[in-house]
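2 protein chains.
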Amino acid sequence: MAKKVIIMVRVNEYMPRHPNPHVPFTPAEIAETSAECEAAGAAIIHFHARKPDGAPSHDAEDYLEIVERIRARSNLLIDSTLGQNTIHGDEKRAAHIVRMGESKVRADLAAVDVGSTNLDVYDAQAKRFRTTNKTYVNTTETCIYLAERMREAGVKPHLTCWTIPFLRAADALMDSGVFQQPAYVQFAFCEGGILGGHPCTIDGAQAFLRCLPKDKRIEWTVTCKEGNLLPAAAVALENGGHLSPGIGDYPYPELGYPTNAKLVEFFANLARAWGRDVASPDEAREMLGLPQRATQAA
Amino acid sequence: MAKKVIIMVRVNEYMPRHPNPHVPFTPAEIAETSAECEAAGAAIIHFHARKPDGAPSHDAEDYLEIVERIRARSNLLIDSTLGQNTIHGDEKRAAHIVRMGESKVRADLAAVDVGSTNLDVYDAQAKRFRTTNKTYVNTTETCIYLAERMREAGVKPHLTCWTIPFLRAADALMDSGVFQQPAYVQFAFCEGGILGGHPCTIDGAQAFLRCLPKDKRIEWTVTCKEGNLLPAAAVALENGGHLSPGIGDYPYPELGYPTNAKLVEFFANLARAWGRDVASPDEAREMLGLPQRATQAA
Numbered sequence: 001m002a003k004k005v006i007i008m009v010r011v012n013e014y015m016p017r018h019p020n021p022h023v024p025f026t027p028a029e030i031a032e033t034s035a036e037c038e039a040a041g042a043a044i045i046h047f048h049a050r051k052p053d054g055a056p057s058h059d060a061e062d063y064l065e066i067v068e069r070i071r072a073r074s075n076l077l078i079d080s081t082l083g084q085n086t087i088h089g090d091e092k093r094a095a096h097i098v099r100m101g102e103s104k105v106r107a108d109l110a111a112v113d114v115g116s117t118n119l120d121v122y123d124a125q126a127k128r129f130r131t132t133n134k135t136y137v138n139t140t141e142t143c144i145y146l147a148e149r150m151r152e153a154g155v156k157p158h159l160t161c162w163t164i165p166f167l168r169a170a171d172a173l174m175d176s177g178v179f180q181q182p183a184y185v186q187f188a189f190c191e192g193g194i195l196g197g198h199p200c201t202i203d204g205a206q207a208f209l210r211c212l213p214k215d216k217r218i219e220w221t222v223t224c225k226e227g228n229l230l231p232a233a234a235v236a237l238e239n240g241g242h243l244s245p246g247i248g249d250y251p252y253p254e255l256g257y258p259t260n261a262k263l264v265e266f267f268a269n270l271a272r273a274w275g276r277d278v279a280s281p282d283e284a285r286e287m288l289g290l291p292q293r294a295t296q297a298a
Numbered sequence: 299m300a301k302k303v304i305i306m307v308r309v310n311e312y313m314p315r316h317p318n319p320h321v322p323f324t325p326a327e328i329a330e331t332s333a334e335c336e337a338a339g340a341a342i343i344h345f346h347a348r349k350p351d352g353a354p355s356h357d358a359e360d361y362l363e364i365v366e367r368i369r370a371r372s373n374l375l376i377d378s379t380l381g382q383n384t385i386h387g388d389e390k391r392a393a394h395i396v397r398m399g400e401s402k403v404r405a406d407l408a409a410v411d412v413g414s415t416n417l418d419v420y421d422a423q424a425k426r427f428r429t430t431n432k433t434y435v436n437t438t439e440t441c442i443y444l445a446e447r448m449r450e451a452g453v454k455p456h457l458t459c460w461t462i463p464f465l466r467a468a469d470a471l472m473d474s475g476v477f478q479q480p481a482y483v484q485f486a487f488c489e490g491g492i493l494g495g496h497p498c499t500i501d502g503a504q505a506f507l508r509c510l511p512k513d514k515r516i517e518w519t520v521t522c523k524e525g526n527l528l529p530a531a532a533v534a535l536e537n538g539g540h541l542s543p544g545i546g547d548y549p550y551p552e553l554g555y556p557t558n559a560k561l562v563e564f565f566a567n568l569a570r571a572w573g574r575d576v577a578s579p580d581e582a583r584e585m586l587g588l589p590q591r592a593t594q595a596a
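One line per chain: the protein sequences are A and B, in this order.
Every letter in the first sequence is one number past the one before it in our numbering, and letter 62, counting from 1, is 62.
So our numbering is basically just the index in the second sequence, starting at one, shifted up by 298.
Because the hints were derived from the structure by calculation, they are not lab data.
Note that CB positions come from ideal geometry on N, CA and C, so glycine has one too.
Honestly, I wouldn't trust all of these hints.
Said to hold, decoys possible - Simulated restraints, written as ranges between beta carbons of each label pair: (1) A:G154 - B:P551: 42 to 50 Å; (2) A:D62 - B:P551: 53 to 61 Å; (3) A:A273 - B:R508: 40 to 48 Å; (4) A:G240 - B:A422: 20 to 28 Å.
What the hints assert, rightly or not - Below, a list of computed lysine-lysine pairs in the DSBU-like style, where the Cα atoms sit at most 35 Å apart: (5) A:K262 - A:K134; (6) A:K127 - B:K425; (7) B:K523 - A:K214.
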C-alpha cells in the first residue's frame, strides 16, 4: 500500500487578509480553522501567533492560548513557528518554546531553519529589488541552541530547508546527534519575487530530492512561499513526500481564494487521485516518531 | 563546431602548501604559474594575494604588483578575489578594486558572491562541526555596491553562486541592469566537510543547470572547494559550460599532487577528449564580452 500523505496546513504565516479574507488571526479563528482542516484531511496545523490586527505576536502567552484552543477543538498535531525573520536573538526566538516546556501546554513540533539565505523580494515589473538587506541568518550555533531548547521542552524540531546547504546541515546535525530521526524536513520553495529558495518547479523540487541523504530516516514535506504548491506537490506525491499547503503562504486565486479547509480538501483529493490516502493525526504521529496523544497528556 | 572551453585556473585561494607544495604565494610565484598555465591551456587566472608566509593579504599594492607581474609573463585574463570570508565591510573588500580603477594596472575580472550561506565545516569522522558561526553574508546591497565599484574601475564581475538563490539573485541583478550580459557565472561546489554549496556530484551540478535563466546570455563555469572537480566538469563539458580547476581548491592526491599547470593540462585533455577544444585568452575575452588586450592597454 502506498505510503500515506501527511498534510500540514500552514494557516496564516504573516499573510494579510487581502486578497484572501479567510486568513485566521486570533486564537479562536485558528482553533476553528484547525477543526475544519482536520475534517478536510489535514494531520498537522502550522501557525504563527498574530495580534488581532494581524501584526506578528511574539508573546509566549499568545502561543500557549492558541495551542490550548486548538487542542480543545481538534486532534491535529501542532507545529509552531519561531517567528521567522520578524524577531532576532536566539533567546527571544525560543522564549515561547521554553515557556511551553514549563507549562503543560505545548506544541508537538516547531520550525528550525537550518541555514542562511537572502530573502529580498525582486519586483520583476519595476525591475528593482523592494529590499536589499534582508539576510536571514541562522548560524549553526543558533540551530544547536534551538534544538537544545526544543529537546528540553519536549517539542520536536521540524527542519526547514531553503537551499541544498540547509539540507546538508540538517544531515550533519542528525549525524552528530543534535536532531533525532525520523526527521521531519520541509523544503520551502519561493515564488512571488522571493529569491531565497528554489523556484517551485519540478526541477527545483527534484534538486532537493536528488540530494536527500540516503542513510537517514527522513519524512519530507513541501511548501511554497507566495506561490502555487502544485509542481512541488507532484514531485512529493510521486516520491513518498508529504504536503504543506496553506493560504498563509499564497491566496490561491486559481482556486477562488479558498479557506484553508477547502485548500486541504483540494490537496487531499489530489493525493488520493495519485494513489495515496491521507494520514490521520495519529498516523502522522507514528510516522514522525511522536508519542500518541494519550501518553502525552499531563 | 563545439563551443570552446574556457579554463580558469584557481592557483592558490588560501590553501596551505601541505600536502601539495606547489601552491604559489608570492607575486613572482603567481606570475610564473600564469606562464606555465597559459602554455597548458588556461585562459584565465584567478588568484588571492598572499603574504610570503601564505597569510591572506588585503593590501591593494600587493594586488597591483601581482597583476603587473602576470601581465609581464602571460596573456591570461586576470580574475581577482575580494578576499572571500577573510575580510569584512564593503569598502575594505572593494579597496583594491577602487585602487585598480585609479591605476593603469587592473584585473579583467573580480569575484562577487551574490548571496549568503553558512560556511561551517563538518568533521564526519569526529561527528562534530569544526566551527558553528561562519555565516558568509553578502546582502543584495553589498552586491550592488561591489558591482558599482567594479563598473567604475573597468573590472567585470564574475558572479559566484553557492546555491540556487544566488543564481536567482544574479538573474534579477542582470534583469535590473546592475550586472551586464554576457555574464560570467561560477558554480562553487563544496566537498571536504564544507556544507555551504551543492555537493560536487552530477546531481548537484544539474540542479544549477536546470535553474539557469533561459533568457540571459551566461557563460558558466564550475569549481569545487576542497574536492575533485570531475563530476561537475562532466556536466559542464556536456552542456556548454566551462571549467575552473586549481590546486588552490584541492590538492588532487588522485593526480599525484600536481602543479597548477599539470592540472590545467589534465582538464584541457579531458575537454578535447569530450570533443571541445580549449579557448585561448583572446577567445575567452571575446566570449565574455571583454575588450581585446590591445585596446585595453594604457
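Verification of the supplied hints:
Evaluation of the 42 to 50 Å hint for G154 (chain A) and P551 (chain B) yields a pass: the beta carbon distance comes to about 47 Å. At about 57 Å, the CB distance of D62 (chain A) to P551 (chain B) agrees with the hint of 53 to 61 Å. With their beta carbons about 27 Å apart, A273 (chain A) and R508 (chain B) fall outside the hinted range of 40 to 48 Å. In this structure the hint that G240 (chain A) and A422 (chain B) lie 20 to 28 Å apart at CB holds, the actual value being about 26 Å.
Under the criterion of a C-alpha separation no larger than 35 Å, the hint pairing K262 (chain A) with K134 (chain A) is consistent with the structure, at around 33 Å. Annotation: proposed proximity of K127 (chain A) to K425 (chain B) is violated, straight-line Cα distance about 45 Å (limit 35 Å). At most 35 Å may separate the alpha-carbon atoms for a hinted pair to count; K523 (chain B) and K214 (chain A) meet this at roughly 23 Å.
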